[in-house]
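So you can see what is in the structure, the chains are spelled out below.
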Amino acid sequence: MDIFLQLVASGFLVGGIYALIALGFVLIYKATNIINFATGEFMMIGAYIFYSLVVYLKLSPFIGFPLVIIFAAILGFLVERLILRHMLGQPNISIIMVTIGLSSILLGLAEIIWGSSFRSFPPLFPRKPIILGEIVLRSNLFYGFLMAMVVVAVFLLLFKYAKVGVAMRATANDQMAAFSMGINVKTMFTISWAFGAIAASLGGIIIGNIGGVQPTLGHIGLKIFPIVILGGLDSIIGAVIGGFIVGIVENLAGGYLDPYFHGGVKDLAPFVVLIFILLIKPHGLFGTKEIERL
Amino acid sequence: MSSILEVNNLEVLYNNIILVLKGLSLKVEKGSIVALLGSNGAGKSTTLKAISGFLPLEDGAITDGTIYYKGESITRLTPHKIVKKGIFQVMEGRRVFEDLTVEENLICGAYTQKSRAQIALDLDKCFKYFPILKRSYKRLAGYLSGGEQQMLVISRALLATPTLMMLDEPSMGLAPMLVEEIFEIIKKINKNEGTAILLVEQNAQLALEISNYGYIMETGRIVLDGPVDILLKDRDVQEFYLGMGDGNDNTSYRNVKHYKRRKRWLS
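Residue numbers (my numbering), protein chains in the order written: chain G, 1 to 294; chain E, 1 to 267.
Hints are computed from structural coordinates only; laboratory data are not their basis. Just so it is clear, CB atoms sit at the ideal spot from N, CA and C, and this is done for glycine as well. You may find that some hints are simply not true.
To give an idea of the chain E side of the interface with chain G (calculated C-beta under 8 Å), a few residues [said to hold, decoys possible]:
hint : residue
1    : S52
2    : L57
3    : P79
4    : V83
5    : K84
6    : Q89
7    : M91
8    : R95
9    : F97
10   : L100
11   : E104
12   : I107
13   : T112
14   : F240
Start from the sequences and build out the full structure, keeping to the hints where you can.
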């Protein structure tokens with residue numbers, strides 16, 4: 001029983017961090033209908049920028065975080081303005097290819113700038129593990145989780161209550177009608193890319209702080225696909241809950257099954273759950289079904 | 001009388017090939033209700049879309065002509081700028097944001113308004129016109145009935161406090177009773193708020209009842225226009241748009257062959 005609780009608790013923490021990254025993906029998909037395959041690379045770039053600010057420029061992490069947020073917003077802005085704005089109205093498959101290309105470009109750039117060697121962050125949080133009864137939690141994971149939750153909460157509140165958040169949801173719902181309200185839809189696209197990039201790069205910092213940074217950090221971004229499809233591609237709440245489910249399932253599978261199968265079950269398990277849920281709910285747990293009026 | 005909207009010789013092309021408007025001109029006087037009537041495919045909705053800047057979104061373009069609003073050209077401006085200037089279009093088919101609550105839909109309507117106090121006042125006004133919205137304030141707009149949705153989209157327009165409100169077939173798909181109620185309210189809005197209204201309708205009878213001036217369109221141009229009381233007396237209008245028939249001709253099939261009134265302007 002102890003090991004079960006331990007696995008669930010640390011899976012929950014990992015899941016919270018996944019939720020943040022998945023949010024970065026969903027923010028973009030919901031507003032623009034673009035599947036951003038470069039989400040993982042946004043994470044990786046965010047982590048490297050933070051590393052450079054803190055290690056090379058010796059800035060305090062408290063200055064590093066806001067700077068990364070600004071940088072990520074600029075990155076999202078540029079990607080939308082310079083590349084995807086011109087793809088408006090093109091077939092979906094071309095747009096997907098563009099984002100895949102973008103992920104390779106960002107990966108290459110990171111290798112050119114920072115090299116391909118592994119680097120680890122200076123300690124950001126107190127090293128002492130968190131002990132809750134029988135459960136022991138790694139401090140990096142625990143504080144990373146708290147950070148992720150704060151960012152997720154800020155985004156959720158923004159979407160629920162801020163005028164710009166409401167306008168973004170309106171745009172996602174009916175672009176033409178959003179235009180007729182006087183909402184500048186193209187600006188909404190730019191803002192959602194900026195938000196998506198911010199969420200992903202903050203997730204990247206947290207992951208980088210746990211496991212170190214290297215150009216392939218972005219591969220963890222592949223995990224967002226079971227998460228977002230599970231939650232329903234366009235649901236923010238779905239991304240958060242999907243994140244927790246995948247985190248916990250992955251950890252349980254890893255803890256109980258990996259010893260018997262030479263490892264690998266950990267990465268497989270989320271996809272198995274994904275297929276089961278899709279068989280029952282094809283739109284994901286919280287995905288949009290068209291509202292049918294009676 | 002001063003006109004706030006002047007459309008001159010407008011020509012609109014879709015997909016670089018389909019000429020939908022062929023030199024259309026119309027005027028909307030300050031604070032008046034103008035009806036734009038015509039059969040399906042005449043280009044009524046296209047006219048509204050041209051005014052509100054939606055054409056580029058549907059692969060259409062204004063190839064000739066001008067649109068002036070309060071003496072200033074708004075031809076080919078982007079939609080959000082046109083809304084800011086005070087022209088608000090209520091689109092055909094009640095485009096509520098289905099996944100948003102009634103409240104959030106109304107927030108979107110007031111998107112271009114800055115003063116929170118003013119928005120609150122306008123909201124109260126909306127509830128006076130449409131008390132039903134107050135009850136469904138927190139519900140998802142997608143689950144409202146058709147009539148409630150139409151009331152919601154008109155309220156969204158009210159919150160934008162436009163000088164000119166353009167309504168594209170507000171009667172579409174609604175029960176006759178509801179349609180009359182909504183037209184009553186449109187008339188009230190015009191009277192109380194001084195909002196000029198450009199009304200596109202299939203239901204000519206109803207539209208002319210509340211309007212001051214009418215334009216009748218056929219295949220991309222205006223074929224008849226005039227003050228409503230004159231239009232209502234016109235024999236062509238009576239037969240083709242108000243469905244009154246032409247005397248007793250239709251009672252016997254024998255007469256049909258001999259003489260049938262044509263839309264003279266078509267040939």
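Could you work out which earlier hints the structure fails to respect and list their numbers in ascending sequence? Of the numbered hints given earlier, the structure breaks just one, which is hint 14.
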